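A.B. asks: Chain residues, written in single-letter form:
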Amino acid sequence: MMPYVNEYDTPECKTLAETVKKSIRTPASLGLDRCIQCGACTASCPAARFTDYSPRQIVKKVLENDHSVLESEMIWSCFYCYSCNLRCPRNNSPATIVQVLRQMAINEGIGVEKLGYFVEIGEYLAENGASKVPGAGVKNMERDLGERWIKFKKDLESIRVELGLSSRDIRNTHGEVRAILEGTGYFEREKWIKTTIQEKSLHQLLKSQCMKEEDKSGDFGFENDRGYPGQAALII
Amino acid sequence: MNTALNKTAVFICHCSGNISDHIDINFLKKTLKAEGISVLDYEYLCSSEGQALIKNKISEGNLNRIVIGSCTPSKHGTLFKKCIQEAGLNGAMLEIANLREHCSWVHPDKAEATEKALSLLRGKLRRLENSQPLGEIKVDITPKALVIGGGIAGITAAVNLADNGISTYLVEKESSIGGNMAKIGKVFSPDKLAEECAMCSLSPLMNEVVANPKITLFTWTEVESLSGSAGNFTVRLRKKPRYVHDNCTGCGRCSRACPVMVENEFNCGSVDKKAISLSFSQAVPKTYCIDPDKCLQINGETCGKCADVCKSGAIDFSQKEEIVELNVGAVIVATGFKEYDATQKPQYGYGIFKNVITQMELARMLGINGPTKGALIRPSDLRTASDIIRSSTDTFESDSSSEDSSDHSDDTGTPKRIVMIQCVGSRDEKEGGNRYCSRYCCMAALKHSSLIKRKYPGAEVTICYVDLRALGFYENYYRAVQDMGVRFVRGRPAEIVEKPDKSLVVRIEDTLNQKIKELSADLVVLSVAMIPSQGTRKIAGVLNLSQDESGFIKERHSKLKPVDSSLDGIFVCGTAQSPKDITDTIAQAGLASIRGRAFITDSPKALANEIPTFNPLLCTKCEECFKCPFNAISLNESDRIVVDPLVCIGCGYCTELCQNGAIQIASFTKTQLKAEIEGELKEGDLLGFVNSGIASLTCDNIGSSVLTYPSNVKLIKVPTSLVLDKDLLLHAFKHGASSILFLEDPPDSPKAEVIYPLTVSHFEKLKKEMGDLGNRLYFKKAYVPNTKGLAGAFTSLAREGEMIG
Amino acid sequence: MKTIGDIPDRQLLLFKSCMVGQEYPGVETSTRYAFDRLGVDYIINDEQSCCTGIGHYTDIFEGLTTTAIAARNFAVARRCGHPNITCLCSTCYAINKEACEVLNTDNEIREKVNSIFREQGLEDLVYEKDDMNSKANFYHAVEILLSKASQIQAKKKFDFSGVKAAAHHACHYYKVKYLDVLGNPENPQLIDTIAIACGADMVRWYEDRTLTCGMGFAQLHLNKKTSLQVTKTKLDSLQKAGVELMIHMCPNCHIQYDRYQPVIEREFGAKYDTVHMNIAQFVALSMGADPYKVCGFQTHSVPLEGFLEKHGII
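Residue numbers (this note's numbering), protein chains in the order written: chain A, 1 to 236; chain B, 1 to 805; chain C, 1 to 314.
Looking at chain A on its own, in the form it has when it is part of the complex:
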């Protein structure tokens, strides 16, 4: 698949560090080059406390121009809580750097399936001028939060009215928000994201089917062997 071009979040530059510094997502005064690897970010990080995530190591990889960081699951663990941003003695900002890395990964189609869950937010915003918890999230919440919440959600409109609010929180944006999303190329990107996710899941499906056959054939299952229809079983 063709990488998506997102020139403000991920301006094309020679190195990861340059892209990160030029990105709209990072502050102009970003102290990336001044990082002394002191670990104040990681020590302050909620994700680092409970997962293998390490903002310090991410910064190191960016400085080393190690593109493998884009494929690392690690970058999807950040909470965007900005504790690292607050603590860094060099005014570096791992929380915003990771945002750029995720955007780069998305452009390459690497983590794009992670957006599937949220991708309806855009259309909802264009339509209603507001955001909402995506449908899949609502399902999960119904499962997790149970009856009390489901009942509340049913009663929301009447509760709002009782509080003296409009029954639904819908904004009157005169179609301007939709026009803006069209102008910034959001919908194009959304379409690209959706297509890419579909392609990837199709690929995944095929892959798993192959795997099943491979199981039968006892094939190695190496990347290059995928399309290979099979030969006499080579059993280890």
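These are calculated hints, taken from the structure and not from any lab test.
Fair warning: this is a prediction, and the values are worked out from it, not measured in the lab.
Even for Gly, the Cβ is constructed at its ideal location relative to N, Cα and C.
Errors might be hidden in some of the hints.
Stated by the list, open to error - Restricting the straight-line Cα-Cα distance to at most 30 Å, the calculated cross-link-like pairs of lysine-lysine (DSS-like) are: (1) K293/C to K153/A; (2) K129/C to K430/B; (3) K156/C to K194/A; (4) K151/A to K224/C; (5) K430/B to K22/A; (6) K112/C to K22/A; (7) K499/B to K164/C; (8) K61/A to K338/B; (9) K310/C to K151/A; (10) K224/C to K517/B; (11) K225/C to K114/A; (12) K207/A to K225/C; (13) K132/A to K224/C; (14) K670/B to K75/B; (15) K430/B to K554/B; (16) K338/B to K416/B; (17) K112/C to K153/A; (18) K154/A to K225/C; (19) K200/A to K225/C; (20) K114/A to K112/C; (21) K200/A to K224/C; (22) K515/B to K225/C; (23) K224/C to K114/A; (24) K164/C to K416/B; (25) K132/A to K112/C; (26) K515/B to K240/C; (27) K2/C to K430/B; (28) K751/B to K144/B; (29) K153/A to K271/C; (30) K82/B to K7/B; (31) K502/B to K271/C; (32) K224/C to K515/B.
Stated by the list, open to error - Only part of the chain B face toward chain C is listed, based on derived beta-carbon distances under 8 Å: (33) Q344; (34) Q347; (35) E431.
Once you have looked at the hints, place chains B and C on chain A.
C.D. replies: Coordinates of chains B and C only, in the frame set by chain A:
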């Protein structure tokens, strides 16, 4: 022919071929002689024979004006000036044409070089016709010095000055000298790999201050103001009343009798001393001092118990503040540092969690004259305040308490796990932090770790560091401390958490094994930054000294003039200038005293006389010239505008400020500059006005770097381009300049930082005023190493000029 | 650093929050209740759209879209003469402030945004440099309440003396634009000061004071276990410190603590005695507001009845 010119002679130096190989000296001689000017040449004019030749010719021919064609005047200008002065001429009657760096070395074509040499000589000859003799400016220097601040820096400076025979005043705002070094208890020795008693090294020095007849000590005294100029300062001191006369014997009866307990600044705020006290037992002078805010008698209550018990009658509640005025030639500022306020980093809990303290507080705790008599105790476990007071006042009364005084305190209160955190408020770009490294803290942490390990071998000490800076031989001490089993974790802690039992947890990433750790601690010690003391901030304002962004007093040049302040005659040393340790402070204090002495003993001081002159007929006393950025110009008692030759650097800004043309810079008058232009310029020349500082040096360096540029580049030296005006530029264009380049010093020194922006706006103003001709004005900064760039600029501008021509 | 003196009480646009509107509408009504009684001049304008925060921080919206949407909301605020954007949600606050900074300092992006407006026929949305001031025009509703703390204290109808409470300041208020926080960003005390004015007894230095709520945008949905582990850590600390009421300032934290506390109890086998409230609800309650008709406590997942009864409110 002008009669004056008859007595003018030109001397040309061959410079052993450096000049004569590239310039046809015979042609120069023939041409000038034909115009009636006597010309002499010699192999080496700078040799003693060469100088003798000049002197002989002056007396033989009754010469009164001399032009020397030689190497750059920055090389032998002073020598030649002295030479003609010895022959009885005024120094202003000498002009040097730079035939080497500006000609023979940079123009490979002999004919072109010869032609340019001729115009350079003609320029100098024409200039000399318009020169006037200049009087010498000399000033007597008061042979006394003032040292402000009685810490280790000030004490060292004062003792060094006195040892060099200089009468020195030492002023200290506290009641005793000694400063922070008196507090820290121990100093580490990188060769003995041990800790030594700080007071044992400091105390003899403090006593030396009192004993030395050349030193006058003022304690409990602050500097109010400073006036006058370098070499002749008048200082006003405010001497606070200590309510105890000098006949105090230091017996301590008063303190024992006093009923009021007060906060002890020396012990970092412990309430453990009396309202009449010495600040510590080795205080110098050993004269007690009353805290006027806390004394009952002074605050209107009846007490007077101290006066009752004093056998010398030293106590005097009626003592008043005194103002003392001193005259000194030089001042050394040694006002020191204070600890960074760690409450600005709430994530470390200082001021909130009792068991988080600073290194200085730990030093006091470990000191046998400290609040716990040297015992390491969790502050949260400290016994009642009065217990501590009782025990510490005991220490105060008898100096005999032994190092083992802590044996009995090895109870539950002794912290077992001590964590030190480095770089608190240092190397920190966040608001309230300091960007610099404080230099002392790595070693202080190592020293205290070592002290703790020696005294409490069972204690676990961990130092959280980012980079451990143990420079030079200090590394040996670092290794020794490592051997004692102190642990090191590389990482900057995120935060500290307090547990219900008042123990602490330090959250940190051990960046070397990439694990997040929670270090449990009974005591956390913050190695906080060194910041300028209140006294340092205050004195910088009182004396009008440049400060850096953090408030330290800025030295004139970080490498070459590390103790000169921004003002002549005022020097700085120790932690008032930048964070540093005792060793560096003492070395710097020594240099400051030598610089101070050199300044004082060079008396009467001969000053540059190329400074503004005022034409009283044109001056309207509009006082515009008072905008001088160096405050060199003022009105004297007899209502005359005068310039302070000690302060003035002759930059010429006042000539721009003066709307009436009443101000000229001696040696750089408009007439002189015009005459030089007339003599030197040919049609199509690029004329460069070169700042006589760095820019001039850079032009000379083009020659020594074996680079070339076209011979129609003509350079005229000016103090700065601020002396140039529209009239002068029009004159230059009229006499053939194709374009004019202003070559200025970059803003890399305190003075150039002031002047450079002025020259930029002056240039822009002139460019506007000159209309179309303004397009032929150029401005360039000259950096000494960038000779190639400058030669390139000369070449392209000269070529452009040829095109216009 | 901001100071209380800089906080305006005039020309405020109370910036609607999507999560408040859909989950805790009582936070909006409580804020209005308090503002009305504290003499604050504000309006609500339903032309104002979502700030994009939810989508921006789940990596859906790119920076350009977020900035352009913000520029539109700035035009809405200016057009109605209430340029002081005052947010109920800390993410709205951070997003708007950040976008304003970008629009004022990055000429290329400002031009791009304006050219989009022109292409789409939205000329009246065009943003000129410094139309808004990123420091002076953006506030969180808590800041307004803090500036009125003494009035709150004077006007309170119900005193919460003896209530052991703790504050959770929102990360996107004090960790994103940390130079513009009221007070030291390492020790935000806005909620504490306001709650103390209402009589509450604040536990200041509890463990994990600065830990995030755990929502983490995509984290709650994609890495639920980690997300709830973070939340649990904080709830554990509060439980240990004996806190009965946790007060926050952002609907995202509110969802995380209030909605998920029962989930954590169930899934991790924990038990908590803490109830949750937004500071505006707490202030309104203290000033005499109805717990249901104003504060909207019926929308909460952790029932507040026990707390309200204990303190004699119902």
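A.B. asks: Against this structure, judge whether each hint is valid.
C.D. replies: Going through the hints against the structure:
1. K293/C to K153/A: Holds: K293/C and K153/A sit about 17 Å apart, inside 30 Å.
2. K129/C to K430/B: 27 Å, holds
3. K156/C to K194/A: 53 Å, violated
4. K151/A to K224/C: Given pair K151/A, K224/C holds - Cα atoms ~23 Å apart, limit 30 Å.
5. K430/B to K22/A: 22 Å, holds
6. K112/C to K22/A: 16 Å, holds
7. K499/B to K164/C: Between K499/B and K164/C the Cα gap is close to 18 Å, so the pair holds against 30 Å.
8. K61/A to K338/B: 40 Å, violated
9. K310/C to K151/A: 26 Å, holds
10. K224/C to K517/B: 24 Å, holds
11. K225/C to K114/A: 16 Å, holds
12. K207/A to K225/C: With a Cα-Cα distance of about 28 Å, the restraint between K207/A and K225/C holds, given a limit of 30 Å.
13. K132/A to K224/C: Roughly 18 Å between the alpha carbons, so the hint for K132/A and K224/C holds.
14. K670/B to K75/B: The hint holds at about 26 Å.
15. K430/B to K554/B: It holds: about 23 Å lies between the C-alpha atoms, which stays within 30 Å.
16. K338/B to K416/B: Holds - the C-alpha atoms of K416/B and K338/B are around 29 Å apart, at most 30 Å.
17. K112/C to K153/A: 40 Å, violated
18. K154/A to K225/C: The hint holds at about 27 Å.
19. K200/A to K225/C: 26 Å, holds
20. K114/A to K112/C: 29 Å, holds
21. K200/A to K224/C: 23 Å, holds
22. K515/B to K225/C: Status holds; Cα separation ~21 Å.
23. K224/C to K114/A: With Cα atoms ~14 Å apart, K224/C and K114/A stay inside 30 Å; holds.
24. K164/C to K416/B: At roughly 34 Å apart (the allowed maximum being 30 Å), K416/B and K164/C break the hint.
25. K132/A to K112/C: With a Cα-Cα distance of about 28 Å, the restraint between K132/A and K112/C holds, given a limit of 30 Å.
26. K515/B to K240/C: Satisfied, since the Cα-Cα distance of roughly 26 Å is no more than 30 Å.
27. K2/C to K430/B: 15 Å, holds
28. K751/B to K144/B: Answer holds: K751/B to K144/B is near 27 Å, not above 30 Å.
29. K153/A to K271/C: 25 Å, holds
30. K82/B to K7/B: 19 Å, holds
31. K502/B to K271/C: 26 Å, holds
32. K224/C to K515/B: OK: K224/C and K515/B at ~23 Å, within 30 Å.
33. Q344: OK, holds: Q344/B within 8 Å of chain C, min 7 Å.
34. Q347: 5 Å, holds
35. E431: Holds, because the Cβ-Cβ distance from E431/B to chain C comes to roughly 6 Å (cut-off 8 Å).
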